[in-house]
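Once you have looked at the hints, place chain C on chain F.
Keeping their order, the protein sequence lines are chains F and C.
This note's numbering numbers the first residue of the first sequence as 459 and each following residue consecutively.
This note's numbering numbers the first residue of the second sequence as 157 and each following residue consecutively.
FYI, nobody ran anything at the bench for these hints, they're computed from the structure.
Computed from a predicted structure; not experimentally measured.
Just so you know, not all the hints are guaranteed correct.
Derived DSBU-like pairs (lysine-lysine); straight-line CA-CA distance at most 35 Å [stated by the list, open to error]: (1) F/K729 - F/K695; (2) C/K263 - F/K490; (3) C/K262 - C/K252; (4) F/K793 - F/K729; (5) C/K263 - C/K349; (6) F/K473 - F/K490; (7) C/K349 - C/K262; (8) F/K793 - F/K695; (9) C/K252 - F/K817; (10) F/K612 - F/K695; (11) F/K817 - C/K263; (12) F/K729 - C/K263.
Label pairs and their calculated CB-CB ranges [to be verified]: (13) F/V601 - C/G280: 48 to 56 Å; (14) C/W305 - F/Q723: 32 to 40 Å; (15) C/L279 - F/S751: 49 to 57 Å; (16) C/T243 - F/A808: 26 to 34 Å; (17) C/F221 - F/G818: 37 to 45 Å; (18) C/A194 - F/L690: 40 to 48 Å.
Simulated coverage check for chain F against chain C, where a stretch passes if three residues somewhere in it have a Cβ under 8 Å from a Cβ of chain C [claimed, not checked]: (19) 707–713; (20) 772–782; (21) 789–795.
Using N, Cα and C, we set each Cβ at its ideal position, and we do this for glycine too.
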Amino acid sequence: MPQHSPPQEQPLDEKLLQRWEARGVSRRDFIKFCATLTATLALPASFIPQIAEAIEDKRLPVIWMEFQGCTGDTEALLRANQPTVAEIVLDLLTLEYHETIMAAAGHQAEEAKSQALEKYKGKYLAVVEGSIPTADGGVYCTVGGDSALNIVRKICGNAAATIAVGNCAAFGGLPAAAPNPTGAISVKDAVPQATVLNLPGCPLNADNLTATIVHFLTFNQLPATDGLGRPLFAYGKRIHDNCERRAHFDAGQYAEAFGDAGHRQGYCLYKLGCKGPETFHNCPTIRYNEGVSWPVMAGHGCIGCAEPGFWDTMSPFYRRLPQVPGFPVEATADKIGVGLVAATAVAFGAHAVGSAFRKGDAMESDKVIKED
Amino acid sequence: MLEIRYVWEWPVRITHWINASSVILLSATGLFIAHPFAIIGVETMAWARLVHIVVAYAFLCSVLFRFYWMLVGNQHASWRAFIPWLTAEGRRNFVKMLRYYTFTGKKISYEVGHNPVAALAYLGIFALFIFQIVSGFALYGQYAPEGFWGGLFVILNPLVSSQYLRLSHHMVMWMLLGFLVNHLYSAWLMDVKERNGTMSGIFSGYRYIEPEDL
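Just chain F, with the same shape it has in the complex:
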C-alpha cells in the first residue's frame, strides 16, 4: 500500500501578506480568496502560493465592451458582496474602458479606448458582453458611430485574448433567439481568428471570471476548454450529475407542481422542466452570490442558460422537451407521437378490412390441396 501523506503546507510569503494587510485585506480573507480560486480552477492546494504571487501587482489592462446585452454580467461582477474580493478583482484589472463604470463619456471615452488599444496592443484582455448584430450592415448596435461588428473585430483582433461573458456574447443568447431580427451572432462567430474563451450563463458567474483571469495571470494562458470554448474547470461537468437533488431523481421522487408536497420536501425538479440534465456548469458546487444559493437549491429548475441555443431549445422552461418545430405550441412530442401510432393503426386496420375481403389475390398453385 502506498503511503499517503497529507498535502504539504505551503506557507505564503509573510511580506506579501503584510502588504495585503496594509491595503485593508486581512490575511485570513486573502488566503481564503486564494484557496477558493485554486479550488475553483480544480488545481491542487500546492498552487496557492503561486496564485497568491500572480495576483499581486499584475495589473492586466482590460477593455470591456458591451453590445446587445442587458448589463447583467457587469452587474454580476459588481455585486460581489464581499468587498475584499471585489477589491482584489478590481486590483487585478486595469479597466481601460467599460461603458457602465468608467467616468469618461462621449469622445473622451472613445479616445481612452483607442489609446488603450495602441498602448497595450496584443497584451490587453478584451471582455465582451452581449451579442453582435450583423443584419442590415450592423445598424442595430453602434457605439460612437461605429458598428459592434467593426469594434469587436478591431478590439478582439488585437487582444492577447478575448473573454465572452454571458450567453449572448458566447452563443448569441436572447438576441439570437428566433426569429433573430438583428442577425445576432456570438463573438467567436464575429471574429473567428481571435482567441475567444466563452463564459456563458445568464448572467455568468463572477467567480468563474475571476478564476479565469487569475489562471491567465498565473500561467500566462487561458484555461483548457471543451468543444464549445468553455473552460473545463467551470463547464466540464453536468449540473444533473452534481446536483444536490440527484438522489431524488434516481429514486423517482419528483415535484409535480410548484408548492406541492414533493416540492416542499425538496424533491427533484425534473418533471417541472429542469434543464440540469442538459446543462454543463458548476452552479451546484460554487453557486451564486458568494455561494449563498443557486436556482435548483431555491426550488426552481435550471433553465439551461450556459448552453448554446439557450432560449430556443431550452424553452418551454417548464417542459422537458422543446417544442416540435412546425407544430402548434400545445402539441407536445408525445401527443404527436401517439397520433402517429394511432394513425398508422387506423390506416392499416382499414387496409386489413379491405384485404380480408379481397378475392383471388392469394398465391394458389395447382398443387394446393383443400381439405374438406
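Just chain C now, with coordinates in the frame of chain F:
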C-alpha cells in the same frame, strides 16, 4: 413441387428478435424516463435507466452484427436485398408490390426473401436504428464529456443542440412504434396471402416455396 428452403439464417433470426425485444424494452423504459413516477421502495428511475442503458448496448451489438451479416450472409441477408431498385427486376417487383398494397394491382410479387417494398422499409428502419444509437449514446455520454461516448457528443454538439437531439430521440421512438404496428400487420397480410410460412419463417428460418409461382 413445393420446396422447403432455408431462407433466414440464424444470425438474421437472432438479431431480428434481439432488435424486436430491444425496441419494446427501450421504448417502455424510455417512456418511463420521459414520464417517471415513484413506486415506494424501488429506485424507479435508477432501474429504468440501468435497463435502458444495458439493453441499448445489447441493441448496439445486435445491429452491428446484423450489418456484418449483410456482408457475409446469404443473398436474402445481404445489403443488396435492401436496395431493390438497383436491378430491373427489383424495380418491376417494387411497382407490382406497391400496386398490390394500394389495391390497384391484383397479384403480390412472390419472393423468396424480402419483398421489395418491405426491403425499402427495412432500409429506413436501419437508418432510424443508427440514428437512435448515435443520439442515444451521445446523450448518455454527457455524464462524462471526456469519455468515449462523450467524444461523440462533442462532435454532435456544434451541429445539433442537445435538446433537439433529445427531442429527435423521443420522436424516432414513436416512429419505430408506428413501424411496429405496420410490421405486424404486413406480416399477417403476407402470411395470409403468400401462403408460404412468412410468420413461421422468422422462427424456424424455413419458407415453403412453389418455384412455379416465382
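When the hints from earlier in the document are held up against this structure, which numbers fail? 2, 12, 18
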